[in-house]
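Could you put the whole structure together from the sequences, leaning on the hints where they help?
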Amino acid sequence: MRPSFYDHLHPPTIPAAQARLHYTMGAGGLAVFLMLVVGFTGILVTFYYLPTPEQAAKSVQELTFLVPFGWLMRNLHYWSAQLLVIVAALHLLRVVFTGAYLPPRRLNYLLGLSLLVLCIFLDFTGYVLRWDEGVHWALVAGTNLVRSIPLVGAQLYAALVGGNQIGASTLIRFYAWHLFGLTLVVIIIGVWHIFRVRRDGGIAVPPPELRTDPTRIPRKELARREGLAMLWAALVLILLAILVPAPLAPGIQEGATPASESLAPWFFLWVQQLLKAGDPFIFGVLIPLGGLLLLALVPYITPHQLNHAELGKWFPRGGRLVQVLVAILSGAILLLTILSLFH
Amino acid sequence: MDLFMKASLAGSALLGLGALGRYISFQVESGHPSKYDLGPASDYPAGSSTPAPEIPALIIHNDQGFKALSLVCPHLGCTVNVTDEGFACPCHGSRFLRDGSLRNGPASHPLTSLKVEVNDDGQLILYMA
Amino acid sequence: MHRYFFLTSFLLFIASGLVFWRQNQSLKPIAITTSITGKTEYCLTCHADIPEISPSHPVETFGCVLCHGGEPLALDADLAHSTMRGGSNPSDLSVVETSCGGEMCHSGTAQANRDHIQRVTTSLQATYAGAIAQVRYAFGAQPDLTARMGVYAIDGLAAFDSAAESSPALRSFAVNCLTCHLSSQPLEGKNYNRWTGCSACHSPAPRTDGTQVHKLTTAMPYTQCNACHNRGNYSLADMQFHPRQDAPTDRLHDYYQPIAVFTRCEYTLDCADCHTRQEAMGDGHIYSSKKDIQYVRCKTCHGTPDALPLTHIIIDENDLALRLAFLNPVIDLKVGDTILMTDKGEPLWNIRELPGAAGETPTYELFSKATGDRFTFKPVMGSTCQQNPNQPQASSCHECHATQR
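Protein chains in written order, with my numbering: chain Y, 6 to 348; chain L, 6 to 134; chain S, 487 to 891.
Hints listed in this document are in silico derivations from the structure and should not be mistaken for laboratory results.
All values reported here derive from a predicted model rather than from experimental measurement.
Hints should not be assumed to be uniformly reliable.
As the list claims (entries may be wrong) - Cross-link-like lysine to aspartate or glutamate pairs, in silico, EDC-like; alpha carbons within 20 Å at most:
hint, chain 1, residue 1, chain 2, residue 2
1, Y, 63, S, 740
2, L, 11, Y, 231
3, S, 676, S, 740
4, S, 701, S, 756
5, L, 40, S, 546
So this is what it looks like as structure tokens:
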């Protein structure tokens, strides 16, 4: 009998060592599940959201207070999105700190990195769609940051904002990016990324001749574990949706001034803190891009020092340089984020 | 235990589907009004046939009193045009006589009659079906 | 493994039940769609017990948000109230134009009698321009008594800024004596309790227990005015406010300060029965002293030995007098009625000439705006009044008619 599509999603057996929770944290799989939840709840929320400046914040309030379970769909969408960014970042850290970027996994590493960047931009475009005073100044600052890029800044700004100032065209473009433009790219790269995981031999472990633990678990057991993880994740999402509502603020007012606690969305707080230092292009574009470039170069920084025998565990000695660099980068981002909360 | 677990999952799934159903089928708009104030009855003198395009309906005042014909074609909902012989639907060719009765299809019902009456303040009120 | 599945499925089922419970807990919105704006608001979901504010502001027409601001669709209290104007009082002068203004509301044209906001914001009670001019003149900061400054800048007046004044007396004035104008917070104490803005006069003050009365009225009793007036005196000598020291127990002694001289009608009626809209709210011009705008006299209603009081016959069904009587129906005014009128043409709509025989001096009836009590009176002309026709001021009426305390 020829194997079905479902059977292709997992190999018939995988090494038991690969499936250990304290090895992978299940972060990659969890990210897939969160993506499914965010996509599904996203479609549902689109049923009630109206993408015009006059209607946007009102439709979000109607969804929250009037529509049965509207609060649930919105909060699930919000929490699955924020957890997705966090889990994807944790997955990235896991991959770096376990050396799972070595060939043949270099391309997949870059695909994964672009997925993280795309998820952050999906989070930002979704944030803007609220079109309320909570997002107003993040939108102004963020789009003006684009304008600060030399040579192409003005055209990029016009393309992003749909004119020379923020208005209805901006909202509809962010809506198009959020629902379709970025989502389509995420789906294509995401599917490719998961395909590559299988093609590159599954979760990174030493080659068979160097493995200490020969036990394997069947596909059914893997599916059971994934099922359990999905149930736990669903439980956590539902509890968060009930206990911690997604933010709501009054709609964007003409002539409003930024409130004293005007903040960027949590995942850009580190950029907000950098921007206090000086020139927006240097501190808001170049330095973050520099950090991204460093992350992208991880598979190319002294890869020969790390050999495949060291895979399958955390902090392999051969990857020390990369681990230190990424730890410093993550620490810096975390520190900037914390500093921005205590200005 | 196994049955209990399956029952829990099934129960969760049913609750989830129930929530989904209520969520999707909710009606936000208040819907169309159930009656319209057409203004003073004196605006509609005897012998007149006045179109009211916002409803859409034709307000007729004849010697039997006030009546109204809905101008919504009973076939698929286009607004019919008033012609010399009666009414004609531009979408698929249904024809109706002056009194709203069906002359030829593809519609299979006549135009709906709507109740109109004069209230205590002398205003003409139209009631939707 | 199986144990975990069992536990998680069970917890998930409980969580799904919690979702339904939470949905049940959500407030079911009570919506009204206002006829003015056509928009829907859910304020009544929590506030259905608030009474109608006035017969001329029915909630089906206005709703709540048009005047108060706020988020019409929010059922979370903090979010719903976050964009309210002026806190509990949207008539505070800082937000009054947005809350109460508009061509068809209270900042329209004078011809349509809809220019209340323009008049109030330039009035002495709001700008305090007269007191500021007097004190600055007294301390040499300006050469004459013409008003140059108000508590805020408007229409030719600059904003009074104590930091820019060189005289220490004027700085004390700013600290101690600027507590009775429409934008100021009242002094502590139940005698001074009032709102700011339009509600200072038109809404009952918050109750002693801190709750509020949701009401706009033109039927203000004298106690409303006495939140600022008749409370004491400012002394230029020590730049302090000296509250009145008496402890009155009845209306006769409570109404005015101990130094005042007044007749019976001046304490039996309420302030609003005589003092007109222009006197209280201004006529749109900046004045330097209240004697320039306060013009109602005894003779306005009672006439002089030579002349009857001025009257006005209502011929237009849109007459201002009929509109005012609608707001406070103590009198059943109709087209054809004759009412008294001031010499600036303001209608004294609560005072009507009774039909009488030709050749006889007329009788007038007055309905108290605050209580609806009816009084009748005859004019001075044709009575035994000894007044010198060349001295028609109130002090000469008081010589005979002043009340003994």
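Hint check:
1. Y:63 - S:740: violated, 52 Å
2. L:11 - Y:231: It holds: about 17 Å lies between the C-alpha atoms, which stays within 20 Å.
3. S:676 - S:740: holds, 14 Å
4. S:701 - S:756: holds, 19 Å
5. L:40 - S:546: holds, 18 Å
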